[in-house]
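S.K.: In order, the protein sequence lines correspond to chains A and B.
So this note's numbering is basically just the index in the first sequence, starting at one, shifted up by 29.
So this note's numbering is basically just the index in the second sequence, starting at one, shifted up by 29.
Mixed in with the good hints there might be a few duds.
As the list claims (entries may be wrong) - Taking lysine-lysine pairs in the DSS-like style, the calculated list, with each CA pair at most 25 Å apart, reads:
{"#": "1", "chain 1": "B", "residue 1": "Lys324", "chain 2": "B", "residue 2": "Lys206"}
{"#": "2", "chain 1": "B", "residue 1": "Lys419", "chain 2": "A", "residue 2": "Lys434"}
{"#": "3", "chain 1": "B", "residue 1": "Lys159", "chain 2": "A", "residue 2": "Lys311"}
{"#": "4", "chain 1": "A", "residue 1": "Lys420", "chain 2": "B", "residue 2": "Lys434"}
{"#": "5", "chain 1": "A", "residue 1": "Lys324", "chain 2": "A", "residue 2": "Lys382"}
What the hints contain is simulated information worked out from the structure, not anything from laboratory work.
There are 2 protein chains.
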Amino acid sequence: MRYLSALNPVSRVAEVLPKVKKIEEVEKVAVWDAAGRVVARDVVAPHDYPPFPRAAYDGYAVSSDATPGRFRVVGTVLVGQYKRDLSLRPGEAVYVTVGAFLPEGTDAVVPEEAAKREGEHVVVDRRFEKYANVDPPGSYVRKGTVMLRQGFVATPFDVVGLLDVGITTLYAYRKVKVGIVATGDELVVPPVDPEVAAELVMRGRVIESTASLVAWYIQTFMPYVEIREKVVTSDVHEEVRAVVDRHLAQYDAVIITGGAGPSEIDHFYKLGYEGLRGFRMKPGRPTSVAVVDGKPIFGLSGYPISALHGVIRIVEPVLRHMANAARAPSHDWHYATVTQDVPGEMAQIVRVKLETAEGGLYATPLKARHHSFTEPEAGGVALIPPGGVKKGDVVLVLAYRDVRKL
Amino acid sequence: MRYLSALNPVSRVAEVLPKVKKIEEVEKVAVWDAAGRVVARDVVAPHDYPPFPRAAYDGYAVSSDATPGRFRVVGTVLVGQYKRDLSLRPGEAVYVTVGAFLPEGTDAVVPEEAAKREGEHVVVDRRFEKYANVDPPGSYVRKGTVMLRQGFVATPFDVVGLLDVGITTLYAYRKVKVGIVATGDELVVPPVDPEVAAELVMRGRVIESTASLVAWYIQTFMPYVEIREKVVTSDVHEEVRAVVDRHLAQYDAVIITGGAGPSEIDHFYKLGYEGLRGFRMKPGRPTSVAVVDGKPIFGLSGYPISALHGVIRIVEPVLRHMANAARAPSHDWHYATVTQDVPGEMAQIVRVKLETAEGGLYATPLKARHHSFTEPEAGGVALIPPGGVKKGDVVLVLAYRDVRKL
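Construct the entire structure; sequences and hints are all you get.
M.R.: Here it is, written out as structure tokens:
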């Protein structure tokens, strides 16, 4: 098949999946280091959070039953302090800041600006209901709630959401280790003198950027892949073979760029692997893939856009499968149609569920669970302009879960 | 205005822009280091590229006038080799690989598989037109073409496109230097023992993640900003003031997180700057901004989602203005409606111009200028499925320029 006479439909990449060895090793990682990792076990809340009523506003913690009324201020609880044992008696209050756990005997917060301070007393002239300006126990998350599902790639938003409720470790699959081998006698490899490099290009040389673009795509869309090495080789086939063999022994997958076409330089062909050689895709026809002992070897064109096309169509589905990644991350602003009215005079940011229908993106606002981000349903935050939006309006959404149907 | 009684509409951020000092320093940078930098002068092609006819296919370089015919193969020109001086006589051919400049006297490439080799001769049995399987001189880019406009943030795609045609340097504004000051006695700062951290959260402490989320947003959407320091301080106001003063002296902007609300701990208020304190936004009302000697100081909530909202609405417009960034980068898959039919049996990737209309995204395929990415009009590459698409169909687009109207 030297001349790629029988190109494969791109859908044949599906045949590769059962042949590769999926990552099985699982490790416990600190949540603050988990962004980009594939979650190996459902992350389940081990407790209600907050465990006690928590101030949602700066002010005076009181017993709601005693409002309206006059209270003696007997102390202060700042966020981060633990003074649950400071049991208040009837007629007593403490000053609290947002995030502080309320002392026993109190269940509401009177905003600082709604209370009148009189020496060591404070006067509250209206009724405050139970849990007014308070996040009740379990209001962020209930014990047993699935916060992040197995197979999801943890995002910076998940990190925030989990730490917020005191979940500090999770189980993740180890990353897929990949070696990249950029081949070509013509390659000029930065850093070099830019003027000299420019001159060389005018004499037919090529500044290495294909493997760099491939690496960028992997780092951006496949954070569960670790590029262990990026090596530039000559076109001497023995050199290419030696590097590929070493990478194959050390890593889970190898990506070769350049020398993929049907020419006298055709490393993938000369390596002699059984596999799919050439796909019905434009550009990028020489894209190839073979599997050796469960490890995929990819051959990509030396041209940047052709190689990128090969990464998108062939490399990404295979590596994602190996990584056990069911839901990849996103990291951009998107346009989406809101499925409900969102009223409000102020400018807002609201968490949304993102869904793809008829190829477009639809955003359904989720009931705000206070300040916590994480829940498997949420996929982004929508920016609502002052005055609100109507069902059917298009808004900008900062998505953190992949909007592609994969 | 201790209690944020008079909140500002978010649109008032526009009043801040004329007060900040824009970055004026310009530096020459190597293109391979330019991703994320704001271009300070239009990048103009200094020459046609390719400078000579270039092989677009592996095969035999011949004179089109002599086809069909029989040629004696007198040599080989591999990509990266410069053999323009190898002038061919009538009836001679050379073997070339994709990317090689054709020797004088040749103007077409006969694909290897379309020619019959007979010893040191090759037989071509049909006519090949001038520039068949050849990229003509200037076909990638014409001398004088604007490749990348002043104010655009260079992306990894621009790097590839510029290097491809031998442009190796450009002028960029220096990055905006920012200091982040995360305040709060309650903060637990990783890395720490995760089990201990979890225990502390159940006793009211908070694991620092707000400033980390702010840093992530800046790194992702404002690559033209350099976070020089991220410092965590106590709530002792003198400590906060000392750190803010030092950052203000050393950097172009300072971001304070936490202690922004109207409580006893309210660093932004206590710092005493004249500015906009509190915005009509939910969450994130305590978001504040002041300008001292052309340098903005931002006060953000200690809550992650509130702080994020403040960054999006208030910080980003100001820093982008300071950075001279007219067109920010994008880095994600988007849904877009194609404005023209794209026929084709093969799976394709095509460069597209991206436009926002009625809030949605529209993609107009651009005439492929071979393998070069860069041109100011292009904003992404669209993935076309096998069989092509019709005008009005929705396709996935990998965008590399910001899809927001800013």
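S.K.: If a hint holds in the structure, say so; if it doesn't, say that too.
M.R.: Now for the hints, and whether the structure bears them out:
1. B:Lys324 / B:Lys206: Given that 25 Å is the threshold and the Cα spacing comes to 11 Å, the pair holds.
2. B:Lys419 / A:Lys434: 20 Å, holds
3. B:Lys159 / A:Lys311: Holds. B:Lys159 to A:Lys311 sits at ~23 Å (cutoff 25 Å).
4. A:Lys420 / B:Lys434: Given that 25 Å is the threshold and the Cα spacing comes to 21 Å, the pair holds.
5. A:Lys324 / A:Lys382: The hint is violated at about 36 Å.
Hint violations for this structure: number 5 only, all remaining hints satisfied.
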